[in-house]
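*Asks:* Chains as they are written, first to last, in our numbering: chain V, 1 to 373; chain H, 374 to 703; chain Z, 704 to 1026.
Please note that the accuracy of each hint is not assured.
[Claimed, not checked] So the derived label-pair ranges between C-beta atoms look like this:
#	chain 1	residue 1	chain 2	residue 2	range
1	H	ALA424	V	GLY193	29 to 37 Å
2	H	GLY533	V	LYS370	27 to 35 Å
3	H	VAL487	Z	LEU1013	40 to 48 Å
4	Z	PHE798	V	GLY366	32 to 40 Å
5	Z	THR895	V	LYS103	18 to 26 Å
6	H	VAL413	V	ASP195	24 to 32 Å
7	Z	GLY736	H	ALA470	38 to 46 Å
Bear in mind the hints are in silico, worked out from the structure with no lab data behind them. Note that beta-carbon positions come from the ideal geometry of N, C-alpha and C, so glycine has one too.
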Amino acid sequence: MKARYLLSGTAAAIALAAFATGANAASKWDGGDELPTSALECGTGAAAAAAPMKYDGGQPTNPPALAGKEITVVDVPKLIGIGYFNATSKGIQDAAKELGNVKAKTDGPTEAKIDEQIKFIDNYITSGVNGILFAANDPVAIAPVLKKALSKGIHVVGYDANSTPDAREWFVNQSPFNGIAKAMVDAMAKETGEDAGFAIVTSTFTTPNQARWIAEMQAYAAKCHPKLKWLETVEAQEDNNLSFNQATTLINKHGDKLKGIFGMTSVATPASAEAVTKAGQCGKIAVVGLATPNAMKPYVHSECVKSVVLWNPIDLGYAAGYVLRAAVDGKLKPGDTSVEAGKLGKLNVINGSEILLGAPFIYDKGNIDKFDF
Amino acid sequence: MSALSVTAAAPRASLLRRLASQEALLALAVIGLAIAVGFVNPRFLAYRNLADILLGNAYIAIAAIGMSMVIISGNIDISVGALIGVLATVSGSLAVAGAPILVCWLVPLVLGVVIMAAQGAVVAYLRIPAIVVTLGMMSILKGGLISVTGGKWITDLPQGFHLADLSLFGAPMPVVIMVAATALAALWMRWSPSGRAIYATGGNAEAARLCGVNPQRTVVMVFAIHGLFAGIATLVYATQLRVIQSTTPPGLELTVITASVVGGVSILGGVGTVVGSTLAAILIAEITSALVFIDVSPYWTDAVRGALILATVVADIQRRRRRAERGVRV
Amino acid sequence: MSALAERNARRAPKWLTRHETLLALILIVALIGLGEFNSRFLTVENLLNQGRLMTEIGLIALPMTFIIITGGIDLSVGAIVGLSAVMLGYSWKNFGFPLPLAIVFALAVGGLAGFVNGFVITRVKVPPLIMTIATLALYRGLAEGISQARSVRGYPEWFYVLGQGEVFGVPTQLLILIVLIVIAGVALDRTTFGRSLYAIGSNETAARYSALDVDRTKLVIYTLSGLASGLAAIVLVSRVTTTRMDMGMGYELDAIAAVVLGGTSIFGGAGTIWGTVIGLVMIQLLKNGLALTGVKGDATIVVIGVALILSVLIASSLQRRRE
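Isolated chain V, as found in the complex:
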């Protein structure tokens, strides 16, 4: 009796493990999505301008005429309580203060859960805001509630993580996926040399931005750094200690074969750097990743990490604030090719209904102390 249950249970577990091990022989890097990729040209050549696209965003239904009047805006990021979205929130507040006629507040779920975020937006629609800024946990899941907002005459602008285009008016794009991918892979190849193995620590495979970056990184590496060898990708949630443990496991498993680790989130990157430091592998294993400067300062100063890739999230929030105001004021209409965004100057419209913030920014020893977030 006992033997039967124990045996079948363990057998099921082992069968599952064996099956899962077999399934690993895929041609794709783990963690990438299935959407088409568009790798940039190798080297430092300027990116070719994309073909102009027709405006594909949505429009609010009969929005009240609020040009120049005070508006209340709510910002609903993926989650609150992480350094990155604190920075975007600060940018939005900066823009609101400069503009003088925007009352903005940030509110959202404490965990990046799609249905929690939807409930927050729904509540703010009922409470009657004039504008919604969002960073989507899921581009499709958030679409119905955003469309509901548009249908009530509320202006909707996204930043950081997009929704389906017709569910919002504009999306402020921090930097195209292929641009980030190129910056990351180029930085890695520069540090490890072309003929090196690397691994990836990401949050979860379901996070759309991370999945997109990984897919674009694979496409770009195949095109421009074909000898770089991807070893594996591991998930670590948005959890500091789990990220550290996973990075440590990678280091112990691969030994000399591992020359670099990509951190795909602002949590994974400092934790990976700590793992490399603790393992005494600084200089032997490169860490390249997306991260916020404050968490990375110790590693950049100890020269364990050479370069950190990120746009400036304060600027991202700031731009989103300006874009929303411009949309309300009628200064940014479908078909426009640029928008004025305060101290950032003129920002260009790309892909029909996206506003481009700029190229990714590389923080290094020389400039990292100038930033505090």
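With chain V's structure known, arrange chains H and Z on it following the hints.
*Replies:* Here is chains H and Z on its own, set in the frame of chain V:
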């Protein structure tokens, strides 16, 4: 009830029966898994890797000690993850503000005891089920933490703050603390009257009362001790990395409860030991690492880990049932 | 005990001392208070919309009430939501099932997942908390492995009627929830099945000796829990138009909070569906009302936590005093 009889019978138990105990089973699983994975990938058995598994997960094992006591007393605590997040933030903020390091290390212990004892008092004297109290407290701590800190990460921690980086007689501090805490808790629970009172309260509160144990006071004491262990776990957790996230670690309460129940602590209260929960925490951490080493697709790791946890639990229940049946015959 | 009950009956009508009645009074006071602060709160449109948003948790909370009354618990419900949602999308896209068949299939997967819980709990005698904490990890893991973390989108328009549409001006899923609330309430209150749940929760050994088929009853309620989670998954997918393996994460605690707030004893033997419904409505409307009053999400969580403890405290101490 069964716990009392087990304790009484312990000295007479044969070696074989002791070997078949939950702790031995888990220890065997820990060693067996290491050897099996070592066959597939010998690097798994490197000292460095085995030490890293212990180092990185010691805080879970330490928190599981207190959780086991709470569960043995017939209660449960959902708030422990949030509490550890709060204590870590308090400790880190003090350190950054320039408080003496010893204060930074002591405050989480004291605060942990106070918060948990308060919860224990509500459970024991106001007779509100622990799941309600701690579920509510989880919300309060989680939301309160973000309200106060705005989620700002704590960086620039002073060098001396990192307790987890120290070592004692060549052994890393987190492992030393884990082993010491487990040993002390196990001895205390087995041999001291107040430790035994926990089993009595969880087994049958009414019977315990008749035997001169005050169940209410015992529950408050258990929660207070649980708070102390949560504080100790916080020290290891917060001082390991250079950043404190000042949010609650996602799903930590579930990880801790899982370690406790896999460790043989019956959720119905009254049975189990803390040695088992520490071994279970190690086993779960080992499984997580092993799945990377044997190249299980990362999409499937959670499923395989779940299946292995389930198999362990089912095997344990089977064993206990068989022993109980034999007990009836004797 | 019976003498005590008689004394009670003379002092105050029994229904007045019930936990649910007291909780309902607290709820009404809180609603009126919040309504005073914000004119957009107590509107039919807002209340119906809140009904739409709470349906998934509500569906799960019904069988959860049954389970907790028997002294059990089911922590795997959120993971079953994820697994069922994934199987809905996967079978539709990869097996080429027509969508109605895929819906039935997803429900069946949910039911099977619950059945496995119940089977091991009754046959191998694994305590429910331990079993469902293990399957929580297992089912979520299966959802990730099977879906390879991919989403399935682009369902036909008719499917969205379930999660986004209205029937007679009421959200479709809310109607389903109301029907199921009535069925569950009657089943618990008026049938031998319901009485056997209380019997098992008060004293399982006694229930066995009085020839109740305890194991079969338990098997049924855990399977129902899985089925309800599967249904919640379908409603959720229809509402948000996509499937993801992380759907339903944390639902177990939301559902349990509603049940215990509603006065069901976590030790088994006592509780009602009406109490659960009041608990559910209370949490949802409190969150909504606070948000509309301008309280931010993090502070709202704190208030919910305080409210959970205080309302159980007030209700149970009032009850005790009258007794």
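*Asks:* Are there hints from earlier that the structure breaks, and if so, what are their numbers?
*Replies:* 3, 4 and 5
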